[in-house]
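S.K.: Sequence:
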Amino acid sequence: MRARLRPAVVVALVLALLLVAAASVLGVRWWRDAHRTDLERALSLAPSEIERASWTAWGAVRRELGADDLGELLDAGYDADLTSASALVESAPLLEEEYGWSPASVEWELYSQSAAGAAVVLGLADDVDLEDLGDRLESLGYVRPDDEAGVWQGGEELVARVAAGRPSSPVLQYAALDAGERVLTLSDNAGYLGSVVEDRGGEESLDEVVDAIGDPLSASVYRGSYACSALAMSQADPADRAEADELLAAAGEVHPMTAFAMAVQPDRDVLVAMSFESDDQARADADSRAVLAAGPAPGQGGSFTDRFALGEVVAEGTVVTLPLRPAEGAFVLSDLSSGPVLFATC
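In the working numbering, the protein residues as written are 1 to 346.
Simulated from the structure, these hints should not be mistaken for lab results. Don't take every hint at face value.
Stated by the list, open to error - Here are the simulated distance ranges between beta carbons: (1) Y78 / G180: 12 to 20 Å; (2) D287 / Y78: 34 to 42 Å; (3) V143 / P238: 47 to 55 Å; (4) D269 / S44: 46 to 54 Å; (5) T37 / G155: 30 to 38 Å.
Just so it is clear, CB atoms sit at the ideal spot from N, CA and C, and this is done for glycine as well.
Based on the sequences and whatever the hints tell you, model everything.
M.R.: Set out below in structure tokens:
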């Protein structure tokens with residue numbers, strides 16, 4: 001006869017299996033979180049349904065340029081085309097003097113826009129005291145929220161008073177501190193900021209291109225529908241549009257993107273990533289967009305070869321990557337992250 005397990009033993013076995021399963025799930029999450037890039041982490045803390053995101057890895061930029069002084073950082077960063085994605089450059093002196101932080105001290109900045117609003121998420125260094133930061137906001141006139149994770153109420157008049165004629169940014173009107181994630185989130189709309197704090201998670205359609213560009217110094221990342229509008233040749237004048245039509249017809253078929261990213265890599269080269277609905281579309285577009293990126297640049301003027309040398313264009317799954325080596329003095333990211341850009345047209 002088979003021996004029957006006692007109920008207590010069965011319960012113990014079930015509990016043991018549940019504990020093993022829970023530990024496995026936690027282990028997977030730990031591994032995934034530990035291997036995320038700063039950009040991936042920042043996007044996980046950004047609002048959902050965003051149309052575009054602009055990334056500046058300020059800590060990495062400071063190390064790359066060897067500049068910690070704010071003025072030197074902004075000057076050298078501009079010359080290296082590493083600050084164009086930031087929403088806070090113009091107000092940086094105000095931030096350092098009045099708010100106690102600036103691009104010279106934060107680790108990273110992610111500026112995101114959606115149909116509902118705009119927000120800046122800032123990664124704070126480990127040595128930043130969040131209580132001191134909150135006290136600084138209060139001393140400037142911001143109203144402390146009842147909930148630690150709530151929205152600090154400021155407003156347009158408050159920012160104007162603090163700025164006292166100095167350049168400022170509308171996103172400084174409202175703030176939220178997250179001690180657990182060590183981030184400061186800013187927006188020009190209190191209601192929108194409240195929804196961001198309650199519903200972080202980013203836009204999943206950006207995941208493939210974000211994974212492709214790795215851990216960049218600076219980047220612009222667009223949802224497909226936004227990219228197909230912002231980079232469209234429809235913005236060019238009639239003569240350039242006619243030239244673009246001829247170049248597109250000669251290059252081959254192009255398909256709408258599901259997402260687009262252009263990023264300055266740690267070696268200062270630029271990497272473009274485009275994702276598509278299928279592997280077949282990606283393979284076709286790798287060929288056509290390679291032709292377009294190595295030819296004339298109607299709408300921008302001259303040729304793309306005046307701006308960069310094109311490396312090997314690769315289609316891997318649904319993602320196409322185009323490596324660009326900027327010509328000396330060329331501002332590839334700032335010039336080509338807005339349209340019209342023929343090789344990014346839909």
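S.K.: Run every hint past the structure and note whether it holds.
M.R.: Going down the list of hints, with the structure as the test:
1. Y78 / G180: 12 to 20 Å: violated (34 Å)
2. D287 / Y78: 34 to 42 Å: holds (36 Å)
3. V143 / P238: 47 to 55 Å: Holds, at about 53 Å.
4. D269 / S44: 46 to 54 Å: violated (26 Å)
5. T37 / G155: 30 to 38 Å: At roughly 35 Å between Cβ atoms, G155 and T37 fall inside 30 to 38 Å, so the hint holds.
Hints 1 and 4 from the list above are not met by this structure, while the remaining hints are.
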